[in-house]
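Chain by chain, the residues:
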Amino acid sequence: MNAEAPIRFRLNGREVSASGDPLRRLLDVLREDFGLTGVKEGCGEGECGACAVLIDGRLVNSCLVPVGDVEGRSVLTVEGFRETDRYRAIAAAMEETGAVQCGFCTPGFVMAAEALLRKNPDPSVEEIREALSGNLCRCTGYHAIVYAVRKAAETGKDLW
Amino acid sequence: MRERTAHAPRPEPRAYQPPSLARAYQPRSLAEALRIRGREAVIPFAGGTDLMVQRRRPTGLTPRFELPALFIGGLEELRGISEGDGVLTMGACCTCSRVLEERAAPPALRRVVEEIGSPAVKNRATMGGNICNASPAGDTLPALYALESRVVLRSERGGRTLPIEEFILGPGKTALAEDELLVAVEIPTAWPGRLFYRKIGTRRANALSKLSFLGMASNRRGRLVEARMAFGAVAPTVVRSRRIESGLRDAAAAELAERTPEVLELYAALIKPIDDQRSTAHYRKEAALRLLRFFLQRLAADL
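Quick note, the sequences are listed as chains A and B, same order. Everything in the first sequence is counted per our numbering, starting at 1 for the first residue and increasing by one. Everything in the second sequence is counted per our numbering, starting at 1001 for the first residue and increasing by one.
No lab work stands behind these hints, which were simulated from the structure alone. Note that the Cβ used here is the ideal one computed from N, Cα and C, for glycine as well. A couple of the hints might just be wrong.
Distance windows between CB atoms, simulated [claimed, not checked]:
#1 B:LYS1173 <-> A:ARG14: 36 to 46 Å
#2 A:THR84 <-> B:SER1029: 28 to 38 Å
#3 B:ARG1057 <-> A:PRO6: 37 to 47 Å
#4 A:SER74 <-> B:TYR1283: 37 to 47 Å
#5 B:ARG1249 <-> A:THR84: 52 to 62 Å
#6 B:GLU1262 <-> A:PRO121: 46 to 56 Å
#7 B:ALA1252 <-> A:LEU159: 20 to 30 Å
#8 A:SER19 <-> B:GLU1066: 17 to 27 Å
Heads up, incomplete: computed chain A residues facing chain B, CB under 10 Å, no partners named [stated by the list, open to error]:
#9 VAL16
#10 GLY20
#11 ARG25
#12 GLY49
#13 ARG86
#14 GLU96
#15 GLY98
#16 GLY108
#17 GLU130
Here are some of the chain A residues that sit facing chain B, going by a computed Cβ distance under 7 Å [as the list claims (entries may be wrong)]:
#18 ARG24
#19 GLY44
#20 LEU64
#21 GLU71
#22 GLY156
#23 LEU159
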C-alpha cells in the first residue's frame, strides 16, 4: 500500500475508495473526504467514543483506525444509520427523555446503542451502562441516555 | 509442549535495501506477513489501540509511523482459539471481545479482559498487542504470568516457544526478533479454580491501571494445594515469585495466617513501583500489599 493505491471499502452501503496515506485516521477520511461530520473528534485517543462507527457491525473508535486497515470492510456512520427505523426509534427515545443537550457526543452514543441492541435487544440497565461505558457526555449526567436506550428497546421491540 | 528450536535469537543483519515507498502492508496470509517482516523493518499492527495513541498528532494530521505498518489484525490464521492436550491456544490477534465470547477462555483472563477497556476498545485491542506492547501496566500480563502462558513466535526461519516471563524483558522491551511475529499464546488448562482480581484505576472503562493484583489458588482437605500471585504496574515487569508461592504449599489455615507477615515482607522487597501521572510509588506499594494480605486472609478463611 502506498500513497497512490486507492483503498476500497463499503461506506454506508456504497462502495467507495479513499486515496492518500493508508495511515490516515478513518475519522479524518470520513470527515474530510466524505463530509460525514456526524463523526466527531473528542479526545483523539479512544477514550470518549465521539468518533464511534460500526466496522463489520462492531463498534470501534474511528480515531484509532488507519484507513488502510478498513480495506474490504463495511463502515457504518450515523449518516448511514439515520435512514433506518432503528435509528428513528433511538432518536425518538432520546428526544423524549432529554438525552441530548449540546449534541456533540450524541452520534457516538447512537452508534453504541445500536451496537448493543443488535446483540442484545432487551438489555438491562446494567448492560446498557456497560455498553455505553466508552462514551463520555459532559452535559446530561448519563441517566437520560441510559433511560433512552431502555425506552428504545421497548418501543422498537420488533426492530432488533 | 512444542519443542523449542535452537535457532539464534537474532537474524543475520539485513542487506541494504532501498527505502520502500510503502506506508503500510495488508498481507493476505501469515506466510506473506512473515515474508514482508523478514525482508523489511516494519511495525506489526494488530488492533492499533496503543500504536495509534502513541503516534497521534494534532487534530487532522496523520499519525507519525517511523516505519511502514504491517496490518495483521485481520489475518484469520491469527484469530482462532483451539484446545487440545491440556493446552488452550489463542491466536495473537484474538480481540478482547473474542476472549469474552469464548467459553473455553480461562476465567482469570476473562476477568482481566472485562475491565480492560470500553466495548469499542475491546473490539479492536488484541492479546498479542497487549503482550508485545510490554507495558508495565498491561492488564493481561498478570493473568498470563499466573496462567504459566507461553508465547509462540514465528519467522521465515522457523518457530520457537518461550515462557511469557522470558519474552517480556522490560517496559516496551520483548525478546521478539526483528523478523519474527508473535502468532499465538499457549495456556495450560490445569489452572487452579479459585480466582481473585482487583484492578485499581480511575474509571471503570478505559482507565489504565494504577496497579493490579491477581491471585489464584486451589485447596484440598483443608490445605492449600497451590497459590499463584501476580502484581501488575508495580515494577518494570509483572511481579510473580514461584519461590514465595512454594513456601505456602500444603499450608492449613493456621499456618497460612502465621506465615502471612513473612510473605508480605518477601513481596515488599520485590515490589518496586514508580511515581508517574497515574499514581505514586508509595500508594502503589501500600495498595498492592494490602490486596495481597486480603487475598491471603480470604484463602485462610475458606480452607
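- Return the numbers of the hints above that this structure violates; sort them in rising order. 3, 7, 9, 13, 14, 15, 22 and 23
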